[in-house]
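Line by line, the protein sequences give chains A and B.
Following my numbering, the numbering of the first sequence begins with -14 at its first residue and continues without gaps.
Following my numbering, the numbering of the second sequence begins with 4 at its first residue and continues without gaps.
Derived by calculation from the structure, the hints in this document are not laboratory data.
A few of these clues could be false.
BS3-like cross-link-like pairs, simulated, lysine-lysine; straight-line CA separation at most 30 Å [claimed, not checked]: (1) K366/B / K7/A; (2) K424/B / K290/B; (3) K424/B / K7/A; (4) K89/A / K103/B; (5) K366/B / K89/A.
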Amino acid sequence: MLRRPPDASRAAMSVDAATVRKIANLARIAVTDGDVDAMVPELNNILGWIEQLGEVNTDGVAPLAAVIPNHQRLRADVVTDGNIRDRVIANAPQAEHGFFAVPKVIE
Amino acid sequence: MMSDITDLGIAGLRDGFRAGDFTAREVADAFNGAVAGAKALNAFILDTPEHALAAADAADKARADGALKPLSGVPLGIKDLFCTEGYQTTAASNMLGGFKPTYESTVTTRLFAAGAGMLGKLNLDQFAMGSSNETSAFGNVVSPWRRNDGSNAPLAPGGSSGGSSSAIAARIVPAATGTDTGGSIRQPAAFTGIAGIKPTYGRCSRFGIVAFASSLDQAGAMAQDVRDCAILLEAMSGFDPKDSTSLDVAVPPWEAGLSPDLKGKKVGIPKEYRVDTMPAEIDALWKQGIEWLRDAGAEIVDVSLPHTRYALPTYYIIAPAEASSNLARYDGVRYGLRDLPDGANLQDMYAATRADGFGAEVKRRILIGTYVLSAGFYDAYYTKAQKVRALIVRDFAEAFEKCDLLLTPTAPSAAFALGEKSDDPLAMYLNDVFTVPSSLAGLPAMSVPGGLDQAGLPLGLQLIGRPLDEQGVLNAALAIEERAGFVARPSRWW
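Could you put together the complete structure from these sequences and hints?
Take a look at the structure:
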């Protein structure tokens, strides 16, 4: 159980450099060529190990999202806080005139 | 008397303070001094002696006024994953360097309302992702324990709550908060010879705890012994409308309910936790634990949790998937780090900020999570993992038809040396093999010290209970604690 599959890095689904770049872009994390080279085998090693879930028969099993039975609570649709603008933006890297400021988005 | 104050845990401090043996101010001074004198452990990211002193002064006044609160006179360490109003909260990441929350987490709100003070914010693995406290942007935490072979190799205090475990084992805090996503309270507790309990998912509010994997994250208590865990957990728990997964159930009086008498209880021994690579000493301790529980009146039964071996790979899909979603909020706009290279547009700013702010393990998990949630792979990975999770939950439910509690080792080894596993993510992940299944099932689980290995390092035993049966877990842990007579302490080198 503590052993990893010997062919972990050659599993059916594996990522290449292009895929790692695509994932990094989706995750909005800038990566260098060196980062990508290091990540490809690391991620394949982990993904190859995860592949063993394919052995488990899950036919007819409903995916589980909430582990302890609980009910969704409702509350009245009313304002319960507010007027805390300065506290909301207190940690902003850049705030101007009571707003979060970002680089210009539209040319 | 003064020199002994830092040997006391929560109950000893609370009761001694009430009896007039010392003032709360003396307690706070003693622990503030201990914290300041233990920098070599790197257990704290931020010291807050003024907070502890203010709470102590309030406690001394409350005592004079006859208005004592449950934790009056008790200072605590707070894992730096809990937002504390006006005090830097970093999750041990550069991404949140300098972040000062303008609100208080529900758990710390409860603790401070109960009279506790805060000695400081404890170091951890970055965003609670790690099992050795080596992923912190603020440096490794060092365990106070050393092997008895004279090697002096610095040892891991476990993770992610490694600052909490190190500080308690070194007696520089009497107790601390922890959080546990896949074992982050129990494994560090086992590595450092202390007690730690993760309650049922939903017992403690997640409001104001920096999120890692929301369906798994639970706050819990870490302390010298079982009684202190019961006291602290009682003060931390309770329904919170600000957390949509908070359980609206009463918090039992766990301390008052403590009893080491296990007559009528059945304890299950899951055969799948007996693994080839486990050191003989851990197997021997497990057998000893079985005898201790039998001696306490429990009946021992064999049970099977057939999907145990799939728990870790399931966890390493679900936890990174949730993390990739939760950590999308760190974008350099609203709080924390911003990296805006010259001429960069908004997208460049996001990518540069996240490249700079997150550590290697955090990025690794975000990328895994992004991949398993991406179009074309979602069903093969994420949906599949959710289905296997359902089978793991079913395994526990079926086992609990035959028994009331489960006994297992907490971790597959004693503490390893810092650096020993940090180059191999998978080897590090395997450390949580015994703690992850109960996390996936949301069950209350606790580690209690059982003994020392041949190298003189602590080993822990884990008790797992039915949903909401923290009392059963605490009582069985107490039965073990009373029989183990674990009094070993690390000798001071720091």
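Against the structure, the hints:
1. K366/B / K7/A: 14 Å, holds
2. K424/B / K290/B: 28 Å, holds
3. K424/B / K7/A: Given pair K424/B, K7/A holds - Cα atoms ~29 Å apart, limit 30 Å.
4. K89/A / K103/B: Holds, because 27 Å separates the two Cα atoms, which is no more than 30 Å.
5. K366/B / K89/A: At roughly 27 Å apart (the allowed maximum being 30 Å), K89/A and K366/B satisfy the hint.
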